[in-house]
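Quick note, the sequences are listed as chains A and B, same order. Converting from the first sequence to my numbering requires adding 1023 to each position, the first position being numbered 1. Converting from the second sequence to my numbering requires adding 29 to each position, the first position being numbered 1.
Keep in mind that the hints are not guaranteed to be accurate.
[Unchecked claim] Taking lysine to aspartate or glutamate pairs in the EDC-like style, the calculated list, with each CA pair at most 16 Å apart, reads: (1) K106(B) x D1113(A); (2) K1150(A) x E1199(A); (3) K1057(A) x E1208(A); (4) K106(B) x E1199(A).
[To be verified] Here are a few chain A residues that face chain B, going by a calculated C-beta distance under 8 Å: (5) L1077; (6) G1078; (7) I1079; (8) K1098; (9) Y1103; (10) S1109; (11) V1110; (12) F1114; (13) V1116; (14) S1117; (15) M1124; (16) G1128; (17) I1132; (18) L1133; (19) Q1160; (20) F1250.
Quick caveat, the hints were computed from the structure, so don't treat them as lab data. A virtual CB, placed ideally from N, CA and C, is assigned to each residue, including glycine.
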Amino acid sequence: MSDSVPALELHDVTVAYHRRPVVYGVDLAAPEGKLIGIVGPNGAGKSTMLKAALGIVPLGSGWVKFFGKPFKEVKSRVAYVPQRESVDWDFPVSVIDVVMMGRYGHLGILKRPGKKDRDIATSALEKVRMLPFANRQISNLSGGQQQRVFLARALAQEGDIYLMDEPFTGVDAATESSIIALLKELRDDGKTIFVVHHDLTTAEEYFDQLVLLNMRLIAYGDTKEVFTPELLQKTYGGKLTILNEVAEQAEKSKDKQPGASDADDEIR
Amino acid sequence: MRTTKFANLLLFLGALVLLAPELAMAARIGDITENSVGEQALRFFTFADPALRYALAGALLLGLNCGLLGSFIVVRKMALLGDTLSHAVLPGIALGFLWSSTKDPLAILIGATVVGMIGVLVSHAITRTTRLKQDASLGIVLSSFYAVGICLIYYIQRMPGGNKTGIKSFLFGQASALGSDDIILMAVTTAITLLCIGLLGRALVTTSFDRGFAGAVGMPVQFLDRLLMLLTAFAIVVAMQAAGVVLVSALLVIPAATAYLLADRMPRMLTIAAIAGMISAAVGAFLSFLGNNLPTGPLIVVSAATMFLFAFLFAPQHGWLTRVWRRRSRWHKTQRENTLKSMYKVLEEREFVGDDIPVVEIAELRREPVDVISPQVAELAKHNLASLQDEGQTAYFTPEGYREACRIVRNHRLWELYLTKVADYAADHVHEDAEEIEHLLGADTVRQLERELAFPTADPHGKPIPNPDEPVALGAGPAKVDSDGYGRGM
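Using the sequences and the hints given, assemble the complete structure.
Below is the structure:
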């Protein structure tokens, strides 16, 4: 893999929900083999940026490339961990069923999973130490266990880049440190990992690089360079007032905003 | 987005037209006159009546189809959408009737599916363009489309000429009005459902569970949504004649909800829902036949609801009565264990001299009246844990009872010791907690406690921890304790 092609490149990415822009013109090019934290206040568009990169919410403008190619061409190299609260944990599936979903990107929609896929899913569960719970229904799991199941599913995707949306919420300290150890292991294998993260106290210690986001990209770079009081103040010091006002206006005058697309179109 | 939806629709309608040629005329069942219940039952089980065979086949098909699709509807929390769809198709049925001027199932299917889809689109449009949320928009579509449908149906009934028999069966359902062409249509739609679930089952489950992730691994999320919607519309329309507009959505929801209570894996849920759907539809058809063509729809729904009630009460894990019963039997077990423990303590206090345990002494130890304790000891005797003599005044351990008593005292003392040693409780704080926990400790946990505490022999208060495998022989005198109570090894 060449060094020149970024693992993930965003160019002028704007995303809107209900015609209200939540991410504005973000440019980003992340190299391979880094563990990268995405931090910013609530409503800064951290999750949205990940979802837009994966095509789950449509882009208002700009483009996204993974390893120099559009997502659709390399989707089997991209693994994703959604927020734990985004699904119904009473759903009638078992732990191993959920992890097997990680294989469907490789299998396509019709092909049935084989022994190889089951082996991969099993070893993914083993890595997060959830194998003893393989046949358990997911509603019988604790929050930390649920998070580990999601992580195992992403591992089963065998991607080269991992996008993780708040993998540490509702997780106890011991699980958190074992997850971060696992992520560092992946990083050492040359994988790129993006983690939406809430806790500034640990951000400096966990990540090689940081993305500071508050609707706009405030800063991106090595942690020791961007984890500064000035940049953090800029990120967390309230919303960007004018940007926010314009966004509200755009939401009210729905039809007059040519660039913004309707995110709801794609969401059932 | 809309164009693809209609493209999908046309594709399926095309397939249906090809698959269902030469539709035979329906066999009428109007010749059934008032029969006695016994006669009707006999006719039902001999399957002599062709109309009956149709009714039964139709019921089974629609039960299967609705059960399968309903499972997805329920786990996707779309039950209200199914209800809306079933009401919104009514104008389409009336229009199909007008168009063909007979009860042509294909015309009705096309009319109903198209109008049903329009209903869904209108509801989408309302949520998208206004601040109203989905429940309100579905409510608007449901009631207004249904109202238009009722008006049209009454209009058609007053029109002169034409074959209008059967249109009323769409309101409340009449399985016996099904003809061979209806059955063919039902079979075809059910086959399509089975095919789709067989091929796309995993994808449907994944999108239902985690939409975002399904999209991120490249699944055609929207196509699957629309496919499910279209299949549901088909299922509703073909089931409508047997179950009726008003109640057909119950066939989607109730069997699937029953299965949801009983299963915790999707394949099993689908199986149970399909079986529950078929049973309730068949029972409904049978009852309708028994009662000389009572409306089928309500009878199907009542039988489905009865099945749901049983699942609600008796489901192995989540059933209401199951939980009550489990709690009750746990309470009784706790009671018995507490009595055994008191009996053990009586023996322990007099250093295991003699094996007779006067009930009065148990009462003294527990600080409760004898007439409270006596029934508890009698309960032990009933479970063969103790034997009674002197007209119930004196109790003796049976071997099982003594073993059980040792076990429960051991649990209690191990737990107390664990709390004081490992969890840093003060020795005088632990008793209450151990009272609760001792009844819940499983064999595995007890072994873990033993290892953690290096196989102790005395509790924090210095009392010996009995071992059920080698207990103090009854009537043999004092038990021996190591000087510090620890480190017996093993």
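Hints, verified against the model:
no., hint, verdict
1, K106(B) x D1113(A), "holds, 12 Å"
2, K1150(A) x E1199(A), "holds, 14 Å"
3, K1057(A) x E1208(A), "holds, 11 Å"
4, K106(B) x E1199(A), "violated, 32 Å"
5, L1077, "holds, 4 Å"
6, G1078, "holds, 7 Å"
7, I1079, "holds, 5 Å"
8, K1098, "holds, 5 Å"
9, Y1103, "holds, 4 Å"
10, S1109, "holds, 6 Å"
11, V1110, "holds, 5 Å"
12, F1114, "holds, 5 Å"
13, V1116, "holds, 6 Å"
14, S1117, "holds, 6 Å"
15, M1124, "holds, 5 Å"
16, G1128, "holds, 3 Å"
17, I1132, "holds, 5 Å"
18, L1133, "holds, 6 Å"
19, Q1160, "holds, 4 Å"
20, F1250, "violated, 29 Å"
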